[in-house]
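**Q** If you want the building blocks of each chain, they are given just below.
Protein chains: 6
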Amino acid sequence: MEKRLTGRIAPERICLLKTPRPPEGAVERFLAISDPTGLTSDAMDELGIASGVIGASVLKPTIPGTTMVGPALTVRNVLQRIDPLEGARKHVNRMAEFEAHNLASPGDVLVIQGVAHMSNMGGISALTGKRQGEAGAIVMGGIRDIAHSRVVGYPLWANEVSPVTGKWRLETVEINGTVQIGEVRVEPGDLVVADDSGVCFIPRDYILEVLELVEKKAKAEDVRCKAIVGGAAVPDISPSTYGEKEE
Amino acid sequence: MEKRLTGRIAPERICLLKTPRPPEGAVERFLAISDPTGLTSDAMDELGIASGVIGASVLKPTIPGTTMVGPALTVRNVLQRIDPLEGARKHVNRMAEFEAHNLASPGDVLVIQGVAHMSNMGGISALTGKRQGEAGAIVMGGIRDIAHSRVVGYPLWANEVSPVTGKWRLETVEINGTVQIGEVRVEPGDLVVADDSGVCFIPRDYILEVLELVEKKAKAEDVRCKAIVGGAAVPDISPSTYGEKEE
Amino acid sequence: MEKRLTGRIAPERICLLKTPRPPEGAVERFLAISDPTGLTSDAMDELGIASGVIGASVLKPTIPGTTMVGPALTVRNVLQRIDPLEGARKHVNRMAEFEAHNLASPGDVLVIQGVAHMSNMGGISALTGKRQGEAGAIVMGGIRDIAHSRVVGYPLWANEVSPVTGKWRLETVEINGTVQIGEVRVEPGDLVVADDSGVCFIPRDYILEVLELVEKKAKAEDVRCKAIVGGAAVPDISPSTYGEKEE
Amino acid sequence: MEKRLTGRIAPERICLLKTPRPPEGAVERFLAISDPTGLTSDAMDELGIASGVIGASVLKPTIPGTTMVGPALTVRNVLQRIDPLEGARKHVNRMAEFEAHNLASPGDVLVIQGVAHMSNMGGISALTGKRQGEAGAIVMGGIRDIAHSRVVGYPLWANEVSPVTGKWRLETVEINGTVQIGEVRVEPGDLVVADDSGVCFIPRDYILEVLELVEKKAKAEDVRCKAIVGGAAVPDISPSTYGEKEE
Amino acid sequence: MEKRLTGRIAPERICLLKTPRPPEGAVERFLAISDPTGLTSDAMDELGIASGVIGASVLKPTIPGTTMVGPALTVRNVLQRIDPLEGARKHVNRMAEFEAHNLASPGDVLVIQGVAHMSNMGGISALTGKRQGEAGAIVMGGIRDIAHSRVVGYPLWANEVSPVTGKWRLETVEINGTVQIGEVRVEPGDLVVADDSGVCFIPRDYILEVLELVEKKAKAEDVRCKAIVGGAAVPDISPSTYGEKEE
Amino acid sequence: MEKRLTGRIAPERICLLKTPRPPEGAVERFLAISDPTGLTSDAMDELGIASGVIGASVLKPTIPGTTMVGPALTVRNVLQRIDPLEGARKHVNRMAEFEAHNLASPGDVLVIQGVAHMSNMGGISALTGKRQGEAGAIVMGGIRDIAHSRVVGYPLWANEVSPVTGKWRLETVEINGTVQIGEVRVEPGDLVVADDSGVCFIPRDYILEVLELVEKKAKAEDVRCKAIVGGAAVPDISPSTYGEKEE
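Top line first, the protein sequences correspond to chains A, B, C, D, E and F. Be aware that the first sequence starts at 51, since it is given in this note's numbering, and climbs by one per residue. Be aware that the second sequence starts at 51, since it is given in this note's numbering, and climbs by one per residue. Be aware that the third sequence starts at 51, since it is given in this note's numbering, and climbs by one per residue. Be aware that the fourth sequence starts at 51, since it is given in this note's numbering, and climbs by one per residue. Be aware that the fifth sequence starts at 51, since it is given in this note's numbering, and climbs by one per residue. Be aware that the sixth sequence starts at 51, since it is given in this note's numbering, and climbs by one per residue.
Please note that a few of the clues may not be correct.
As the list claims (entries may be wrong) - Below, in silico cross-link-like pairs of lysine to aspartate or glutamate (DMTMM-like), each with a Cα-Cα straight-line distance of 20 Å or less:
1) Lys140(A) - Glu262(E)
2) Lys140(F) - Glu96(E)
3) Lys140(D) - Glu96(F)
4) Lys53(B) - Glu224(C)
5) Lys140(A) - Asp255(B)
6) Lys140(F) - Glu259(E)
7) Lys180(D) - Glu96(F)
8) Lys180(A) - Glu136(B)
9) Lys180(A) - Glu259(B)
10) Lys140(D) - Glu224(F)
11) Lys140(E) - Glu259(D)
12) Lys180(F) - Asp286(E)
13) Lys140(B) - Glu259(C)
14) Lys180(E) - Glu259(D)
15) Lys53(F) - Asp272(E)
16) Lys266(E) - Glu136(E)
17) Lys140(C) - Glu259(A)
18) Lys53(D) - Asp286(F)
19) Lys180(D) - Glu224(F)
20) Lys180(F) - Glu259(E)
21) Lys53(C) - Glu259(A)
22) Lys180(C) - Asp286(A)
23) Lys140(C) - Glu96(A)
24) Lys140(E) - Glu136(A)
25) Lys53(F) - Glu224(F)
What the hints assert, rightly or not - With beta-carbon atoms standing in for the labels, derived distance ranges:
26) Gly115(E) - Ala277(D): 56 to 62 Å
27) Glu259(E) - Ala277(D): 40 to 46 Å
28) Glu136(A) - Arg63(E): 30 to 36 Å
29) Ser155(F) - Glu62(C): 26 to 32 Å
30) Pro70(B) - Arg139(F): 48 to 54 Å
Hint data in this document are derived by calculation from the structure and do not stem from the laboratory. Even for Gly, the Cβ is constructed at its ideal location relative to N, Cα and C.
Let the sequences and hints guide you as you build the complete structure.
**A** Given below as structure tokens:
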């Protein structure tokens, strides 16, 4: 059965109706790692996967303490070119992240290349995303209605917060195309891993390879933490779990 | 009976002894809206009221989860021109936000055009503001003694935090005059509406007009939220509560 | 008995094996002051001690509500010059803040002149610092594994958060030498006083002098707070506790 | 005859093979105005054309003293996602502004939504643009080989200069589509007017209307300048040429 | 005879009709020093005059190679609060730097605390200032019509350049009052000394004292330069002209 | 014969008395390339030499049109910790870039890791450097007396300009040690190549390898430029001189 569209964006601007699924079980296994972004970033480094991480001082979490993992459903917004007060009078609304909610599969993460100094996602949108089963969203640009999205339990990592609506200021021009989030290029289906330290974007083809190295590192870290708590002298805390050569 | 002044600032630099009152009941009605800055900003847009909103990534709340509404009692600070260490030795204190506390009516919001990289309001000042019945303060510039102001329950939205005192570094040069807060011009009596998403400044003459549109929008949003929770398909979630044309 | 070193940094790059101790009881007395950085900054101003304070909007606390006081154990990091992906493949780890943990006396505060856009301290390092009895750390540069360091109760004030490791990106080039933290020059043994408003660095020779003035000011503030709570009129709230001339 | 393409970008990513031409004579008439961006910006303001101007402290001219006018031929670049050193070894060049040069009509202005911290146009590219008869280029992002482009007389307005190539760091993803230059949305065929004060982007449909108002204002300014030079008292310098109401 | 005003600003907002004159001959003597801002800043340091200098990377000269000296005629601008497009339609012009030109004595320097992201002085204004015999202007905020002001030989030091007019965006609220230029507080009659390295603001009461020390230092530097050119060994180039203790 | 030192810095803080010389003829061969930084950056990319380039929008040339090539003689400055006005009164001068001039071999480039917001090199220092035969200087931090250094023909690339002296504000703590210039780590003897597009730092061991590739590329570019000028169609302008695979 074909998906009914919202009509908020032209169908030809939707590159993929369904975000590619991550390998079975991968999301759950990443979620089982505590504080996963550090190890994920390390694994990507060691596997030679460049330019895929943004720190939490840029993309700030709205619900600290949350870990979020899921495939990227991408949205690209650009400015409208209109006096926003005229746009507001005429109700020229060109935001279409609702189409992304409409297309979302459970577990998807909205990844929005947004416009600065205005909201690219508000509270009703967060509520809708939650109901659709999304894991949450990443927004390079502003968001609003923070209290609302916290109440409904829809976590966002965003670089700005502003009450100013994007409705008559921006236009959604593409869904599930390539986006650039800060200095990271993200494709639909790339795996988003986010926590209090920041956000990693794993290219789709490397998800399992990264995951396996992350799990290996997590085990090594557990051993090391136990040694530390158990009183090992600092010079005896092997640097090996840091992944050095002698490992 | 005439108000006794503190003498911290020359009387001719106090433009108004009493901040203009907002329309009866307006503050309470705004406080009844949850997360009000988004809808307030939208209403201002639609009514053609320009340049009145600052996001929470600029003016950051010290007590997240708080909503604050009240008329602006304005304070303008500028740098002293003195070596601060010499000022400290000689105790040349030219801060006068205490005069604003002295003049405050219950419910007023101090709106301080402050000086960067130093504190324009500390803990004792926050305690005094609380006792005077103020709703809280907006400070473009630094503040300090955050833990103290949190304990006494006096919320601030400020763009900087610094332990460095303004006492021998700045001078309060005007109370209840025009101030410029970021890129917003604020007059005494303008209504401040602040929450976790940011701060709106409604010009005094438009308070009721904005309020009525905000209340209308809040009702429409409630209907829409219920539809979403109730399972309406995304294409059927009418965009009308977003205020579009077909509304 | 000589301290066994970790070998992560050449011994000649460790300027002092043991951080100078603060005057007996000084740490406890500072900790007894609530919200101490404001008064500490004021006391430094009045005693003519320049350039020693950084606000919490620059060095942001990971565990709000915490006060931390202790002598500085300094670490200086600089960039490696290598392609980080090549460094990761070859496991060229040149971080040596573990040597600082190794040398730390209970109560020390690691003060790291770090490298931007990467982590200069992670969760295992925080755990190790905690076990060694450190009070916490100040990092100009990024940190990661925020959730982990929160869980183990090791507070950090840092200006950036990023999952990206410094292991193959930076090199620790000096321990217990002079560091520059933002626009403050810090020597080992300087006393760090940190809270939600920011961080003060008191030069070692002035610790007691500052402390005594802070305690005197804290008492005066208590008196003043009681007067305020007790209902004194604002013009009667003597400005003297602000330390002005008439005091 | 069909244009032969360079093959550097997929043909379906070229939205228009030929940039729409401005009204006959419009370019020359704009060029006849000295210092045209100020009056152009004023005319756009008065005609209600929003958000179309960027100052020269953002887009800095490489050849001060030049005025450039011409229709926008747009190029959009995004980051590649690859380790640039690996890209360089493998020579993975995805820049395609040469296709824009190939398609350029005489007088066109390349308007590049580029990538930061790297070059989006170098000296050989500037030479090619010059030979193709382009008026010059606007680049939001870095450029390089400044001395070369100055020698060949190809003016650029750019916000960054860097020797670092974009060849293995960026990818050209669209030609003659919509671009966002700072906070201005630009369509192919919009008229670019640039001088030492900055850059105006006039939407295609308003070129003549803006031009006529600019010419009217320029005449009024001439009259006013003569009055000033002739010794008119300042209060008698009619504010009317500023375009006020009494005009 | 009383000065006829322009009526662009209310007379009560003009604090002084005539800028205080600097000591006889002081301007000429400063102009006789080549590159005077370095020595002026040094003299202010040594005389204990704080916070009076801004570098040329903030306030950039429009005509490099120029030295400008003269007393400050101050202007303070703040934002209007109106939709600028509506302001443009209605021609609501509230700029009044022309009143400052009207009041200027020959040799005055306009010092404008302007508004960011728009022009606070254009070409016709520069022409008027030139004709009035002003030395030039300092603008914290944008300026425009750079080519025009260069042609008429009216130098400006400004921190932004933008074609966007301030006419319907800002309001001049005070002339010859206190202004804050970056982190320097300037009073009317303070002496402005500007060159390619930046701008110094000497408080009026210290002009001669600073001048005498500057002249003494300039002589010492001449001696030293001759020694260097003459081949003195570097260790023999006495550091005394740097003003050190042994001097 | 041993070099006589200036005594401005402790001898043990001078890591090398003489900067390592570049390979014979290398400087001249680099100077023969016009606009060399672009090709140098490309060659470093292709040879896998990471993180060695800074753009001219960060390090801005004081004498546009100049190319400078020479080995790095490094200087590291940090803040003093003293009230600068007290330092000025007491003449506590701790700058020691004159020791670097003293040690300089003809052709050396001073590379100064300076302190922000103050001058790390003034006009007399530039004159001294010129007389010593230095090629010029790179300064991350402020410089002053720009007009003077231009007159003597000593080019600098710096990221800030300020009249404020570093004499009583900073201390030179190391000469010919490792420095970090922005995000590049530089060792003494690394080859500096600078022009209007920016600055490249070639690690000492790679100078010849880079040079040979640069010369090869320069020849290919010449061929290409001639083809362009000669009228080759754009699709026929082989991308090979860009260094792609098919080359």
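**Q** Please go over all the hints and tell whether each is borne out by the structure.
**A** A quick look at each hint next to the structure:
With a C-alpha separation of about 66 Å, the suggested pairing of Lys140(A) with Glu262(E) is violated against the 20 Å cut-off. Distance restraint check for Lys140(F) and Glu96(E): the Cα-Cα separation of roughly 9 Å lies within the 20 Å cut-off, and the hinted pair is therefore satisfied. With a C-alpha separation of about 9 Å, the suggested pair Lys140(D) and Glu96(F) falls inside the 20 Å cut-off, and the hint holds. Using a Cα cut-off of 20 Å, the hinted pair Lys53(B) and Glu224(C) is violated, with the two alpha carbons roughly 61 Å apart.
For the given pair, Lys140(A) sits about 23 Å from Asp255(B) by alpha-carbon distance, which is inconsistent with the 20 Å threshold. With a C-alpha separation of about 18 Å, the suggested pairing of Lys140(F) with Glu259(E) holds against the 20 Å cut-off. The straight-line distance between the Cα atoms of Lys180(D) and Glu96(F) is roughly 29 Å, outside the 20 Å bound, and the hint therefore fails. Our distance criterion of 20 Å between C-alpha atoms is broken by Lys180(A) and Glu136(B), whose separation comes to about 58 Å.
Our distance criterion of 20 Å between C-alpha atoms is broken by Lys180(A) and Glu259(B), whose separation comes to about 33 Å. Under the criterion of a C-alpha separation no larger than 20 Å, the hint pairing Lys140(D) with Glu224(F) is inconsistent with the structure, at around 40 Å. At roughly 18 Å between alpha-carbon atoms, Lys140(E) and Glu259(D) fall within 20 Å of each other, so this suggested pair holds. A C-alpha spacing of about 17 Å is found between Lys180(F) and Asp286(E), which places the hinted pair at or below 20 Å, so the restraint holds.
Under the criterion of a C-alpha separation no larger than 20 Å, the hint pairing Lys140(B) with Glu259(C) is consistent with the structure, at around 18 Å. Between Lys180(E) and Glu259(D) the CA atoms are separated by roughly 33 Å; this puts the pair beyond 20 Å, and the hint is violated. Distance check on the hinted pair: Lys53(F) and Asp272(E) sit about 27 Å apart at the alpha-carbon level, beyond 20 Å; violated. A threshold of 20 Å between alpha carbons decides the hint, and for Lys266(E) with Glu136(E) the separation of about 57 Å lies outside it, so the pair is violated.
The suggested pairing of Lys140(C) with Glu259(A) holds, with an alpha-carbon distance near 18 Å, which does not exceed 20 Å. Taking the CA atoms of Lys53(D) and Asp286(F), the gap is near 13 Å; set against the 20 Å cutoff, the hint holds. Proximity of Lys180(D) to Glu224(F) is assessed by CA-CA distance (about 48 Å); at most 20 Å being required, the pair is judged violated. A hinted pair counts as satisfied when its Cα atoms are at most 20 Å apart, and Lys180(F) with Glu259(E) does not qualify at roughly 33 Å.
A threshold of 20 Å between alpha carbons decides the hint, and for Lys53(C) with Glu259(A) the separation of about 42 Å lies outside it, so the pair is violated. Of the pairs offered as hints, the one joining Lys180(C) and Asp286(A) holds, with about 17 Å between alpha carbons and a cut-off of 20 Å not exceeded. Only pairs whose Cα atoms come within 20 Å are accepted, and Lys140(C) paired with Glu96(A) is accepted, the gap being roughly 9 Å. In summary, the hint linking Lys140(E) to Glu136(A) is supported, as the alpha carbons are separated by about 16 Å, within the 20 Å threshold.
With a C-alpha separation of about 17 Å, the suggested pairing of Lys53(F) with Glu224(F) holds against the 20 Å cut-off. For Gly115(E) and Ala277(D), the hinted distance range of 56 to 62 Å is not satisfied, since their beta carbons lie about 31 Å from each other. Between Glu259(E) and Ala277(D) the C-beta distance comes to about 43 Å, which sits within the given range of 40 to 46 Å. Our hint of 30 to 36 Å for Glu136(A) and Arg63(E) holds, since their Cβ atoms are close to 33 Å apart.
For the pair Ser155(F) and Glu62(C), the supplied restraint of 26 to 32 Å holds, since their beta-carbon distance comes to about 28 Å. One distance hint, 48 to 54 Å for the beta-carbon pair Pro70(B) and Arg139(F), holds here, with the actual separation near 51 Å.
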